[in-house]
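One letter stands for each residue in the lines below.
There are 2 protein chains.
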Amino acid sequence: MSSAPTPVTVIPGDGIGPEVVNAALRIIEAAGVPFAAELHEAGAKAFQRGIESGVPQDTIDSIERTRVVLKGPLETPIGYGNKSANVTLRKLFETFANVRPVRELPGVETPYQGRHLDIVIVRENVEDLYAGIEHMQTPAVAQSLKVITRPGCEKITRFAFEYAVAEGRHTIHCATKSNIMKLSEGMVQHTFEDIAPEYPQITAKHILVDNCAHQLAMRPEQFDVILTTNMNGDILSDLTSGLTGGLGFAPSANIGSDVAMFEAVHGSAPDIAGKNLANPTALILSAAMLLRHIGEGKAASEIEQAVLVTLEEGVRTGDMKGDRPPATTTAFTDAIIANLGKRSRMAAPREYKRINVPAASNEVGHVAVATRSVVGADIFVESLEHPNEMGDTLTRAVEGTPLELKVISNRGTAVWPDTGHRTSLVDAFQCRFVARDAAREVGDAELLDLLQRVGAKYRWVHVEKLQRFDGKDGFSKAQGER
Amino acid sequence: MSSAPTPVTVIPGDGIGPEVVNAALRIIEAAGVPFAAELHEAGAKAFQRGIESGVPQDTIDSIERTRVVLKGPLETPIGYGNKSANVTLRKLFETFANVRPVRELPGVETPYQGRHLDIVIVRENVEDLYAGIEHMQTPAVAQSLKVITRPGCEKITRFAFEYAVAEGRHTIHCATKSNIMKLSEGMVQHTFEDIAPEYPQITAKHILVDNCAHQLAMRPEQFDVILTTNMNGDILSDLTSGLTGGLGFAPSANIGSDVAMFEAVHGSAPDIAGKNLANPTALILSAAMLLRHIGEGKAASEIEQAVLVTLEEGVRTGDMKGDRPPATTTAFTDAIIANLGKRSRMAAPREYKRINVPAASNEVGHVAVATRSVVGADIFVESLEHPNEMGDTLTRAVEGTPLELKVISNRGTAVWPDTGHRTSLVDAFQCRFVARDAAREVGDAELLDLLQRVGAKYRWVHVEKLQRFDGKDGFSKAQGER
Numbered sequence: 022m023s024s025a026p027t028p029v030t031v032i033p034g035d036g037i038g039p040e041v042v043n044a045a046l047r048i049i050e051a052a053g054v055p056f057a058a059e060l061h062e063a064g065a066k067a068f069q070r071g072i073e074s075g076v077p078q079d080t081i082d083s084i085e086r087t088r089v090v091l092k093g094p095l096e097t098p099i100g101y102g103n104k105s106a107n108v109t110l111r112k113l114f115e116t117f118a119n120v121r122p123v124r125e126l127p128g129v130e131t132p133y134q135g136r137h138l139d140i141v142i143v144r145e146n147v148e149d150l151y152a153g154i155e156h157m158q159t160p161a162v163a164q165s166l167k168v169i170t171r172p173g174c175e176k177i178t179r180f181a182f183e184y185a186v187a188e189g190r191h192t193i194h195c196a197t198k199s200n201i202m203k204l205s206e207g208m209v210q211h212t213f214e215d216i217a218p219e220y221p222q223i224t225a226k227h228i229l230v231d232n233c234a235h236q237l238a239m240r241p242e243q244f245d246v247i248l249t250t251n252m253n254g255d256i257l258s259d260l261t262s263g264l265t266g267g268l269g270f271a272p273s274a275n276i277g278s279d280v281a282m283f284e285a286v287h288g289s290a291p292d293i294a295g296k297n298l299a300n301p302t303a304l305i306l307s308a309a310m311l312l313r314h315i316g317e318g319k320a321a322s323e324i325e326q327a328v329l330v331t332l333e334e335g336v337r338t339g340d341m342k343g344d345r346p347p348a349t350t351t352a353f354t355d356a357i358i359a360n361l362g363k364r365s366r367m368a369a370p371r372e373y374k375r376i377n378v379p380a381a382s383n384e385v386g387h388v389a390v391a392t393r394s395v396v397g398a399d400i401f402v403e404s405l406e407h408p409n410e411m412g413d414t415l416t417r418a419v420e421g422t423p424l425e426l427k428v429i430s431n432r433g434t435a436v437w438p439d440t441g442h443r444t445s446l447v448d449a450f451q452c453r454f455v456a457r458d459a460a461r462e463v464g465d466a467e468l469l470d471l472l473q474r475v476g477a478k479y480r481w482v483h484v485e486k487l488q489r490f491d492g493k494d495g496f497s498k499a500q501g502e503r
Numbered sequence: 022m023s024s025a026p027t028p029v030t031v032i033p034g035d036g037i038g039p040e041v042v043n044a045a046l047r048i049i050e051a052a053g054v055p056f057a058a059e060l061h062e063a064g065a066k067a068f069q070r071g072i073e074s075g076v077p078q079d080t081i082d083s084i085e086r087t088r089v090v091l092k093g094p095l096e097t098p099i100g101y102g103n104k105s106a107n108v109t110l111r112k113l114f115e116t117f118a119n120v121r122p123v124r125e126l127p128g129v130e131t132p133y134q135g136r137h138l139d140i141v142i143v144r145e146n147v148e149d150l151y152a153g154i155e156h157m158q159t160p161a162v163a164q165s166l167k168v169i170t171r172p173g174c175e176k177i178t179r180f181a182f183e184y185a186v187a188e189g190r191h192t193i194h195c196a197t198k199s200n201i202m203k204l205s206e207g208m209v210q211h212t213f214e215d216i217a218p219e220y221p222q223i224t225a226k227h228i229l230v231d232n233c234a235h236q237l238a239m240r241p242e243q244f245d246v247i248l249t250t251n252m253n254g255d256i257l258s259d260l261t262s263g264l265t266g267g268l269g270f271a272p273s274a275n276i277g278s279d280v281a282m283f284e285a286v287h288g289s290a291p292d293i294a295g296k297n298l299a300n301p302t303a304l305i306l307s308a309a310m311l312l313r314h315i316g317e318g319k320a321a322s323e324i325e326q327a328v329l330v331t332l333e334e335g336v337r338t339g340d341m342k343g344d345r346p347p348a349t350t351t352a353f354t355d356a357i358i359a360n361l362g363k364r365s366r367m368a369a370p371r372e373y374k375r376i377n378v379p380a381a382s383n384e385v386g387h388v389a390v391a392t393r394s395v396v397g398a399d400i401f402v403e404s405l406e407h408p409n410e411m412g413d414t415l416t417r418a419v420e421g422t423p424l425e426l427k428v429i430s431n432r433g434t435a436v437w438p439d440t441g442h443r444t445s446l447v448d449a450f451q452c453r454f455v456a457r458d459a460a461r462e463v464g465d466a467e468l469l470d471l472l473q474r475v476g477a478k479y480r481w482v483h484v485e486k487l488q489r490f491d492g493k494d495g496f497s498k499a500q501g502e503r
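Chains A and B, in that order, give the protein sequences. Every number in this note's numbering is 21 more than the matching position in the first sequence, counting from 1. Every number in this note's numbering is 21 more than the matching position in the second sequence, counting from 1.
It is possible that part of the hints are untrue.
Claimed, not checked - List of simulated lysine-lysine pairs, DSS-like, C-alpha gap at most 30 Å:
#	chain 1	residue 1	chain 2	residue 2
1	B	104	A	104
2	A	203	B	104
3	B	226	B	296
4	B	493	A	478
5	A	104	B	493
6	B	203	A	498
It is worth saying that the hints were derived from the structure and are not from the lab.
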């Protein structure tokens, strides 16, 4: 055991937050961990005090010092705040890895009982559609950018492998939709396949995300660690929580290079707040993850074992089925404390090492390429014309210039030159212009001239350069484009 | 019963396709349906004959005539074809609705047995990330466009309600991620809420897609029809197939305004092809959906009932557990034929009406607005500089012009002016320029001048106009943007 208590920022939060956080703190104390909780506010009260982000500066200052957070659920009261305080905290400290372990627990009835599920979802937590970059191309057409980066993929992939190594796990499935999104989801798969050989002790498999959901319903026991993108991970992690009994038992960690936050997945449950009825299991298991993170692995395993023993005894809160009368939050916590030091019949403590979290870089992440060129541009225009008319007009508009109109597509399907598709059209058309002389690099001046010519005929709303890197197209073809 | 046989294009397809399609055709014949199958090719053999799309012209011509397709699984042999023949067929005939019904079947062991699952996923089949519009912003940053349109949302929403009405169903859950993607996924939710009052007999509920996955694992019996976007529907429909026994029992329909295609969800299973081992249930149930579509509802219900009775008798193919020795595809089909006319103990036939599929429009879909304006532009640039340096450079670059630099963000988080975020940077920066005088409309000439000034300092890769429609911003704010 260490000497000086470890300072940890503790945010009791809203609703049942203070009760479940208090349960965790009592158990940590009873386990003899030298732990210095710095209690701070975030969420509903902070919003109501006029703090726009829901996170007061002294809370931020505390986290900057301690770098470890135990957090109850936070509310964003209606009428306050553009973004939730949870999102603000995750973004502020760039906790790029969301870790969601689930396991079969004794006494928690599920359809998969007896199959010994023990699955961790490692979800990328910064990129993807969650970057929240949206534009209306036209009043009828909304567009969100799904952004995936090689540095982001490398960081989460390394984290997933390091996590698997630290927990002595054997297999990682990387779940993507690379067959449809070859550039973005494909980058996730390729990065995974590039890095996997560095960890020969871990079996690395790729799986399509739809099949992953199917297999999670059919044979979830085949999974160990699942690595996936932000949006897919949102769905898969809530699915795996469902397979193992629900959010009352779902711990989580949001881990960054500098700061790690541990919290239950469930909400603030205002209907039972303050009534001593809440199930503190998820937050207690989150606290055990925190203890492991700060090097108190022995205490972490002791607490996890005590939770299992307590559930094996049939002690339960009101949200669980069982023969015994439901226990209050306090009584449930007392039972866990009384079971510290006992061993579960169901699962032996796992040997954990500390996770080697990839460090943050001060450099701007990038990928070096040997050759690159610009070969054209996609100009998205708003129009109510039919494609043949547009094709004629735009072809004439660029006559005599180095660029020609190659294809017009609508919702990703080529509609000019005529392809015979029965395509319902919307008023946003993607017009692809390429160099007439394929060997010729396209310059900015030519693209500005192009944009002026197109803009003289149609309202343009969005432009993408068409680039090639190391001899490969950095853009997809439309369905039906040749 | 009608007089002239209904012509239907039948594509036996690859692997086990011919066997399962033949099973369905035998049953349709035995049920006495006047059915004129036009057998046509698509998939592996077509690719190998040099047809780039995998779909020969005479197949297309037949579908143009019959407008109804029964289809086995199609393969894209390695080295052939950019897109699968399945995708080509769906795009060619714009089958905008993917319908995936699942139900508990007798003798099919699942963890949810006895909970009488009977769920239909209605998945939008044209838009969303599946439009496949991708660009590399830089060698390190991939971007896919998630495109959602109001006309597309209206069509699939109306279809879902009409489907629920036709099947006498009671509830539709619309599953979106509108809390994160307020413009795109928000449009799905808002369209659903706008149209729902036209169908007062159907209970309409919105649910977040992550919670939907959670609830499908916890209490799937609460769901009836689930309406969702293309990507989410891909995951949720494979999940619901998993809850009810797997793809061997999962029928599907791809329905457009003009053409409807009915097919099993499973693949071509080349390992058991030609061995009389395949389970034809999914294709037979797909064929029943087809019969309902062509007005042969009585035969459709009779076939469904015969399938249920056969399973209740314990007849099974080799992929199913059971006490009796496994039946061949032929014997399984014979058993169903022998059971035509019998009633299942488990589920009474449902009363179906024909689905009133929304018609295609020749007009270009759009939304009328009373007022609109352009208030600035986002220019995405590639750079290895740090944001403070870029902020200074770009501020100076536009001095004396009507536009000013408002914010620079990286992966959706504001990084200039300094926000205190611990943000790892990648080499694609989103630079937002707005009019200094907010009351002033920004013109194309000003934007071209802006692009020239920015391009003189940095390599630009992507431009978005910032538009306002009817007084509302048609763009999102970056995390931390004021």
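Now the hints, each set against the structure:
Straight-line distance between C-alpha atoms of residue 104 of chain B and residue 104 of chain A comes to about 40 Å, which puts the hinted pair past the 30 Å bound. Taking the CA atoms of residue 203 of chain A and residue 104 of chain B, the gap is near 12 Å; set against the 30 Å cutoff, the hint holds. Distance check on the hinted pair: residue 226 of chain B and residue 296 of chain B sit about 46 Å apart at the alpha-carbon level, beyond 30 Å; violated. Proximity of residue 493 of chain B to residue 478 of chain A is assessed by CA-CA distance (about 26 Å); at most 30 Å being required, the pair is judged to hold.
Between residue 104 of chain A and residue 493 of chain B the alpha-carbon distance is near 18 Å, which keeps this suggested pair within the 30 Å criterion. With a C-alpha separation of about 28 Å, the suggested pairing of residue 203 of chain B with residue 498 of chain A holds against the 30 Å cut-off.
Comparing the model with each numbered hint stated earlier shows that hints 1 and 3 do not hold.
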